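In case you want the letters, here they are:
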Amino acid sequence: MSNQPSNQSGATRRKDKAAALTEICSVRLGQSMYGVPISHILEIVGQARPQPVPLAPGFVGGLVHYRGDVLTAVSLRHLLKMPSREGTQDILVLEAPGGYFGLLVDSVGEVLTLSSSEFEANPSTLDEARRDIIAGAYKLQNALLIMLDPERLDPVRLGVAEAA
Amino acid sequence: MDELTREFLIESQEGLDRMERCLTDLEERPDDAALIADIFRSVHTIKGTTGFLGFKRLEKLAHTGENLLGMVREGKLEATPPIITGLLELMDILRAILKNIEADGSEGESSNDGTIIANLEQLQSPAKAPQAKEADSAHAESIQAHAVGKQAGSAETGGAAVAEPPVASAPAPAAPVSSVTSAPPASAPPSKPSAAAAPATGPEGPEAEAGRTKAASTTSAAESTLRVDVALLNRMMNLVGELVLTRNQVLQATSADPKMTLLSRRLDMVTADLRESVMRARMQPVSNVFSKMPRMVRDLAQMLHRRVRLQMEGQETELDKSLLEAIKDPLTHAIRNSLDHGIEPPDVREANGKDPEGTLRLRALQEGSHVIIEVSDDGAGIGVERVRAKAIERGLISADRAALLSERELLQLIFLPGFSTAAAVTNVSGRGVGMDVVRTNVEKIGGKVEIDSRAGKGTTLRLRIPLTLAIIPALIVRSLQQSFALPQGALSELVHVSPEQATTTIEWIEDAPLYRLRGKLLPLVFLERLLMPVGSEATRDRDSFIAVLDADGRRFGLVVDGLADPEEIVVKPLSSALKGIGLYSGATVLGNGDLALILDPGSIAMKAGVAMTGEEEAARATEDEVADIDNKGAEFLLVEAAGRKAAVPLGDVLRIEQMPVKRVEYVGIRPVINFDGQLLPVDDTAGVLAAAQGDPEAPIVVVVCREGRRHVGIAVSHVLDVATGAELVEAGTSLRTDGVTLLKDSVTEIVNLGGIADLPVESDVENQWNPVEALQ
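If you read the sequences in order, they're chains A and B.
Numbering (this note's numbering) for the first sequence: 1 to 164.
Numbering (this note's numbering) for the second sequence: 165 to 940.
Think of the hints as simulated: they come from the structure by calculation, not from any bench.
Predicted, not measured: the structure shown is a model, and the values here were computed from it.
Glycine is no exception: its CB is placed at the ideal position from the N, C-alpha and C atoms.
One or more of the hints may lead you astray.
Unchecked claim - Heads up, simulated SDA-like pairs for lysine to any residue below, C-alpha to C-alpha not over 20 Å straight-line: (1) K743/B x A161/A; (2) K736/B x D69/A; (3) K736/B x A161/A; (4) K743/B x E43/A; (5) K771/B x P57/A; (6) K736/B x Q51/A; (7) K743/B x G99/A; (8) K736/B x G98/A; (9) K736/B x R49/A; (10) K736/B x E95/A; (11) K224/B x G269/B; (12) K743/B x D127/A; (13) K736/B x G99/A; (14) K743/B x P52/A; (15) K743/B x S117/A; (16) K743/B x G58/A; (17) K736/B x Y66/A; (18) K736/B x R67/A.
To be verified - DEER-style ranges, computed between Cβ atoms: (19) S662/B x D127/A: 40 to 46 Å; (20) G269/B x G109/A: 53 to 59 Å; (21) E110/A x G269/B: 35 to 41 Å; (22) Q47/A x Q822/B: 51 to 57 Å; (23) L644/B x D127/A: 49 to 55 Å.
Bound conformation, chain A alone (with noise of 0.2 Å):
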């Protein structure tokens, strides 16, 4: 196909209508469904309990081991300003410029191959601090899937956000 998708970070914001196909491994939060490209998921870790980190920035879910490094995880609830859940969550391993970090999050589901003329941007109508790190949305037959962007996700550059 000659019109694959050329910077696969900017894939999920594409705005022309070229069906190009892309994994998106969506996850659950609540009762809504969030995706994010799989491009750039490392790895899943199921059923982790991260370690808190007291003093630490809200978004900061807590510590995670992988693979002999400590990664900081976002707590996606705090980002999308659900109250904070009890017990064990799933985990994306998602890599940053700076590093990994992990994505904490309720569940994680199925991957899906949906193509871009599916996709649309953001409504105007969406608030500030959420349109900050949503990409835009696929429509699927009976529900929308909410497209993350994983570069603004990364906890360097929340904190840098937090701070300012």
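Got chain A; can you put chain B on it based on the hints?
Here is chain B on its own, set in the frame of chain A:
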């Protein structure tokens, strides 16, 4: 750059390093054929390869050097100081060319190659050689007589034998201003001026022999080694860490299955060995850094007109490669300081009744999980009054405050940025960068710098470096239902406070909690409240532990809920998003797979605001310690048992436990205490237990001590104090008494730990095997 050239550069650098080492040694033992052969080999190898790679300039220079060395090797020439100086110069220029090749692939412009070659050729001519030698020995004598004054004049005499005196080598044909001796210092040449003039008469025999055998063994070692990328070693280290954790989980999961036990034990041992080996692979002997020093000391001594004997000890002590790199600069600074400010010029030394040749000692030794590197000189020492005046002059401290400082505190001022007592700024030091750089560099790698100086006697600078950066010993503490790691380096003692004691022993000045530690008030920081400012309670109805910490001179007690075992932890860096909190220096994975944040005692002290109040307290505490050390007597724990006082050697005391007398149980008639399955025999010769028998709740104190490999307890009524014992001798015979010491002016009996009867135990081998504990 192609692989071949790179390989050549590395090899040549190593060759030159070896050559430098050998040349300075050669000055000491000019007749050592093995040394000469070694130097010859290095130059020869460089020459051979350069010809092959087409580096003409290098080849020509190396060739001249080889010719000269060839004659020395065949015994036609003696390795006189001018020859050695010539060869050292050659080496410097070879190094410069290698650097050029590394930078841009070319050999660079030849500037004074001609003069160097001419000089070396001149030195070869046997007719001229004796002349040069004569001039030199005359020169050596002139140095003895008038120290530095004659140097310029005699340099001319030496230079006259050379057709074209090279500009770069003006002070060249100097006598061996510095002579180098390796440990042990006892075998150093007698410190008479004649020893310096004729170094050949120095260490002959066993030491020279040892040098030869060592040279032989290094060559064979070179053949069995392999260059490995450090990044690969780092990766291996990480993977081994991961394996250790997986192993721990396997051990826990399989502990119930007897068939798996054997397998998992095997896994356990292999993992332990592997971890050890990978760590070892990163270790290098400190001689890698020390070996650069003789040349530096030699050059500096010439430049500063000092006469210095360098002694080096403990070169085989090993340190992690990255740490070794990190101490290179601080060490260089320290040595420069010693030569410039410490060791006086020979005439001054003589006038003060000292040996005109100063001694600079470099010593490395391992002490527990630290390597200590000492730079000591027998120079002028640091004049505290000058330090005080200089600090005020430079505006580093106000005059009022300076007047209040103790001698020890004044010494610490030299670590402030911008401090220098040198009257004149020299090339070597005195620019006010130096000691603060030493301290920052050493602290950056988790080390400490201590300085000790006696005016007129000398200065000792002690660098305490952790063995590895990655692994530190830490105590695991609990707070907020979570584990935290507390680096052992800052920890000085632990105090247990039971819930019923908490209300009385923790005192308050307004809302500042304090603990009375041996009569002094210690500021307390509640970890829980520090980490969770809202929601934690002020009153405590459970056990607490006070970890007495000493961080950067700030002394305070950190109150935690519980203690777990000490562990060797692998430090993992935190994301920059968390560095802003400041209280944590990293995170680690514990043996049970849990994560723990590593607490940074210094930042905790700052955040809690104990900085200023704690400072003087700490200074006083350290002063007390110093005073004790000065007394040189052994320290004892003074206890009272059933009305009588007794002493327990402090070095043997592990901890002090307070408990109700009912905790003591009996095996036959022998009192024992059961600590979670570990049985401790208790000594009750004083009858403390018997006296307390009526009331099972009566509190007793048990001093837990180390005796050989076992632990024993001593039942006492109270612990009174720690004091230094003084020696007692038997009247008439003047023989030292045994089992008794003078403590606080009263004769006190020392408890005989060896006399406590053994518990019945199984054979030794069974007891030794405890891999899980040994590892984690």
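Of all the hints given earlier, name the ones this structure violates by number, lowest first.
3, 4, 12, 15, 19, 21, 22, 23
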